[in-house]
Amino acid sequence: MTCNKYENALLLAAASNGEPDATLTRHLERCLKCRIALRSERELFSRIDRALRARVNEDPPPGFLAQLRLQLSKELTPRPGSNRVWHVAGAALALVLIAIFYPLVNAPSSVQGNLQRPAVRVSRSAGVTQSAHTGEDLKVRLRHHSKRPAAQSAVPQEPEVLVPPDEQKALAQFVACVARRDAMAEAVVTPAANKTVNTNTELPQVSLVDIADLQLGRARQQEWISETGSSE
Amino acid sequence: MQEFTWPGRTAETGLAFDLEKAALRREFEQRLEECGTLAFRVARGVLRNAADAEDVAQEAMLRSYRCFARLRDPSRFRAWLVRITFRLALDHGRSARRREQRESSWATDLPKSTSEDIAAANEFGRRLQEAMVALPEKSRLVLLLAGMDGHALEEVAKLLHVPVGTVKSRLHSARKQLAEKLR
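The listed protein sequences derive, respectively, from chains A and B.
The first sequence runs -8 to 223 under the numbering used here.
The second sequence runs 4 to 186 under the numbering used here.
Hints are computed from structural coordinates only; laboratory data are not their basis.
Where a beta carbon is used, it is the ideal one built from N, C-alpha and C, also for glycine.
Worth double-checking, as some hints may not be accurate.
What follows is a list of derived Cβ distance ranges for each label pair [as the list claims (entries may be wrong)]: (1) R97/B x D12/A: 39 to 49 Å; (2) I89/A x R130/B: 53 to 63 Å; (3) L3/A x G153/B: 20 to 30 Å; (4) L84/A x L65/B: 44 to 54 Å.
Here are some chain B residues the structure puts well away from chain A; computed CB gaps all over 10 Å [said to hold, decoys possible]: (5) A60; (6) H95; (7) E103; (8) K141; (9) V167; (10) L185.
A partial selection of chain A residues facing chain B, derived with a Cβ cut-off under 8 Å [to be verified]: (11) Q62; (12) E66; (13) L95; (14) N97.
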């Protein structure tokens, strides 16, 4: 129990390889067990240090530096075929390809859709193409693709119309007309199958028109000749 | 085929470039002997056999040569080399241990050495190696550098860019941990 008190001091003395402090020294004079323990610990630390020193102070093999110089010479010798022209040309080609394909790959989905679909797209849910004429349900969002936020470039939840900026006003008026069920507007957006088409192809009947011959009096004829200077 | 030259690079600038390169090479070669040995010893402190340490030291020297021209402060080259070598040696040691584990699965049937002396000597080395692998990397590096001849604690502190007190505490902690494992 008494020796446990000195355990840390004993280990410290062994590890530091120095003289123990006065208190420990006094204890060691009286305690054979602790003297043996200290000697044993010192031996262990000494063995560790010897093994480490032997290992980290080992000289490199005789051919080590010569081999190293050889490797450095190889490093300095330019490799055949390593012409920089090809490196530069390859890098330039890669840049050109990136410049061409990067905008296509990273274009917003609305632009890609624009290339593939007609500019105006109105879904059936808008009620415009159905004969039920539910104009109140018509929801058409006008949005120009360049102002579209990136976060909303995913699959749209509502039908949308992609309209160039200069045509937005006109389309807005048209949509308003459809919403008010204007006959003309509805007729335009109603599919041909639902329309009542006049199939009468006969020409309209027009009454004959009589055109009298042009007759001039003699006095008027003389007057006309004098004005125009011609006898015809 | 005519050799490619960068725009603006005349014969004079090319000559200056080559001279600078040659000067760097000479400067590196002056350090080669001293630093090559240092790299080998650091690697040897981490790895079990000298052949592996030689490979790692060569690789570390080649890497340091490639980056030598970009080193702003050449006086810190030794510290830089120590870190590169230590890191490479650790990586090499890890892959070697994995390889050994793979190979030991079929090598267990091989006859073992009968010489007890060799076995006893190797036993301490093997246990020391295991105990060192278990140490934190910072403590391990301090232990290796402090064990090298001619490396006072101040020199170790300079190489690792840490205060001398930190070196002392790391060294003490590392030796204590080793002793606990080897007791």
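| query | Beyond 10 Å from every Cβ of chain A: is that where the Cβ of K141/B lies? | reply | Label holds. Min Cβ-Cβ 16 Å, cutoff 10 Å.
| request: Report holds or violated for the interface hint on E66/A, using the least CB-CB distance to chain B and a cut-off of 8 Å. | output: Result: holds, 6 Å to nearest chain B Cβ.
| Does L95/A meet its interface restraint, that is, does its C-beta lie within less than 8 Å of any C-beta in chain B? | violated, 32 Å
| request: Given the hint of 44 to 54 Å, check if L84/A and L65/B actually sit that far apart at their C-beta atoms. | output: Violated, at about 31 Å.
| Hint validity - Q62/A Cβ closer than 8 Å to any chain B Cβ | holds, 6 Å
| request: Run the C-beta distances from L185/B to all of chain A and say if the shortest one exceeds 10 Å. | output: With a cut-off of 10 Å, L185/B comes too close to chain A, as the shortest Cβ separation is near 6 Å.
| query | Is it true that L3/A and G153/B lie within 20 to 30 Å of each other by Cβ? | reply | Taking Cβ atoms as reference, L3/A and G153/B lie about 27 Å apart, which means the hint holds.
| R130/B and I89/A - C-beta distance against the hinted 53 to 63 Å | About 57 Å separates the Cβ atoms of I89/A and R130/B, which means 53 to 63 Å holds.
| said: Is the interface hint satisfied for N97/A? The criterion is a beta-carbon contact with chain B at less than 8 Å. | reply: violated, 32 Å
| Beyond 10 Å from chain A, beta-carbon-wise, is E103/B? | Check passes; 19 Å lies beyond 10 Å.
| query | When you look at the beta carbon of A60/B, is every beta carbon of chain A farther off than 10 Å? | reply | violated, 7 Å
| query | Taking the closest pair, is the beta carbon of H95/B still more than 10 Å from chain A? | reply | Holds, since 16 Å exceeds 10 Å.
Going through the hint list in order, the structure does not satisfy hints 4, 5, 10, 13 and 14.
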